[in-house]
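Chemist: Top to bottom, those sequences are chains A and B.
Residues in the first sequence are numbered consecutively from 557, following my numbering.
Residues in the second sequence are numbered consecutively from 66, following my numbering.
Don't take every hint at face value.
What the hints assert, rightly or not - Simulated DEER-style distance windows between Cβ atoms:
hint: 1; chain 1: B; residue 1: Glu292; chain 2: A; residue 2: Glu647; range: 14 to 24 Å
hint: 2; chain 1: A; residue 1: Pro652; chain 2: B; residue 2: Glu141; range: 39 to 49 Å
hint: 3; chain 1: A; residue 1: Pro610; chain 2: B; residue 2: Ser255; range: 14 to 24 Å
hint: 4; chain 1: A; residue 1: Ser599; chain 2: B; residue 2: Glu141; range: 24 to 34 Å
hint: 5; chain 1: B; residue 1: Arg315; chain 2: A; residue 2: Asp629; range: 51 to 61 Å
hint: 6; chain 1: B; residue 1: Gly125; chain 2: A; residue 2: Val582; range: 51 to 61 Å
hint: 7; chain 1: A; residue 1: Asp568; chain 2: B; residue 2: Ser252; range: 25 to 35 Å
FYI, nobody ran anything at the bench for these hints, they're computed from the structure.
All C-beta atoms, glycine included, are put in the ideal place defined by N, C-alpha and C.
So the chains spell out like this:
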Amino acid sequence: MKVLIVDDQEIDREVIKKMLSEYEVVEESNGTSAWRRLLEDPSIKLLVSDVLVPDMDGRELVHLLRSNEALCDLPVILISGGFSDGMIDFEDKVNPEKTKFLLKPLSKDELTKVIKELL
Amino acid sequence: MIKFRLKSLERIDEPEDGQLPRKCSKLRVTLEKFNALIIEPDIDARMRIKQATLAVPKFGHLQSVNSISDAISQVEYLDNSVDIIFVSKRIPHEKMQGFFQFARASKKTEDAANVVLFQSQDEGNALIKTILELGADGILCEPYSVDQLSEIAELATFIKRERAKERERGAISLLIDDLAKQVDLVSVLSATGGELGQSRRVLLDLSRIAQGLSESGKEFYFERIIEKFSNLPPPPKAFQASSYNGASERVKRLLSKKRAQLMKGKNESTNS
């Protein structure tokens, strides 16, 4: 299964990649290129994204996905820093069961558990 | 007459209004000096150019080496940036070209004028085209004079200004590309009814940068942005809303109003 990781920090992407070693992982560093990749590659089955990437935030990214017919059911895990990124109260109103939040620092067990719930 | 470039004017004491100044106001003028790097394998020739530059007050710190490899290692440890690099014609052309490229890429020498040294005017004139193609900015021929060296200093000023402008233009082109992408993103989010957050903030930040550009920067910005946005293709598929139902009611109202105004204008000109 292919997973797309989105984070502007390379080191954070590497950490998540290691946690997802049993999956095929692709990565992007900003929301715009992630969005393009998702549209061009229908084999991506899960999105793991930092909530604040350089050009957009998690709310906007989820909105883009849910407003697109091909991607509205894509499972999404948003990784939040807590109050610092202002996303703590965000809710996916369109497809709430397909969007999960995790707080930093991330643990492998937590991530694996959430992936099992989503898929 | 010695010409110099004013680096800064600084008022030391400001007189208070209605009172005699406690001290005289002075203006402090700082002379800008040009730092030079000399690459000359021949010891006598090296001494001649060194002595010639020492005789010109415009020149500040002088560093001299006898090979390109020495010059490359010196550049890394320089305290100040270099304004002029004198390179001997004895250096093979290939090494000279490689060094000019290295100098352009190094922070301390990126704005330096590259000047090739010749023993005679005839020799210089014969090879000037080749030398300029290698990346040199000028030549200097023996016997050296104060006037020639002053001209070289003027060349260095010009080169520095042009390179800074080039960098500014490169940065402005990148800014415009970022602006175009961000406008696409914000517009698709708005078109699909999304609430704008980070994307709008980023667009505002980019716009603030554009507003803060220098006068010459703004001139270039408007030239490029008009050209760029006129030739932009429609937003890539990634940024087209999945279901487009035509223009919104607001846009339809605005367009009919505009059409009515145009018709009115046409009718009035026909009747008159």
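Chemist: Next, verify each hint and record whether it holds.
Modeler: Evaluated hints:
Checked against the hint of 14 to 24 Å, the C-beta distance between Glu292(B) and Glu647(A) comes to roughly 44 Å, which is inconsistent with it. Checked against the given bound of 39 to 49 Å, the beta carbons of Pro652(A) and Glu141(B), roughly 57 Å apart, lie outside it. A beta carbon spacing of about 19 Å between Pro610(A) and Ser255(B) agrees with the range 14 to 24 Å that was offered as a hint. For Ser599(A) and Glu141(B), the Cβ-Cβ distance of about 48 Å falls outside the hinted range of 24 to 34 Å, so the restraint is violated.
Against the hinted window of 51 to 61 Å, the Cβ-Cβ separation of Arg315(B) and Asp629(A) comes to about 32 Å, which falls outside the hint. Checked against the hint of 51 to 61 Å, the C-beta distance between Gly125(B) and Val582(A) comes to roughly 54 Å, which is consistent with it. Distance hint for Asp568(A) and Ser252(B): a CB-CB separation of about 29 Å, consistent with the stated range 25 to 35 Å.
Comparing the model with each numbered hint stated earlier shows that hints 1, 2, 4, 5 do not hold.
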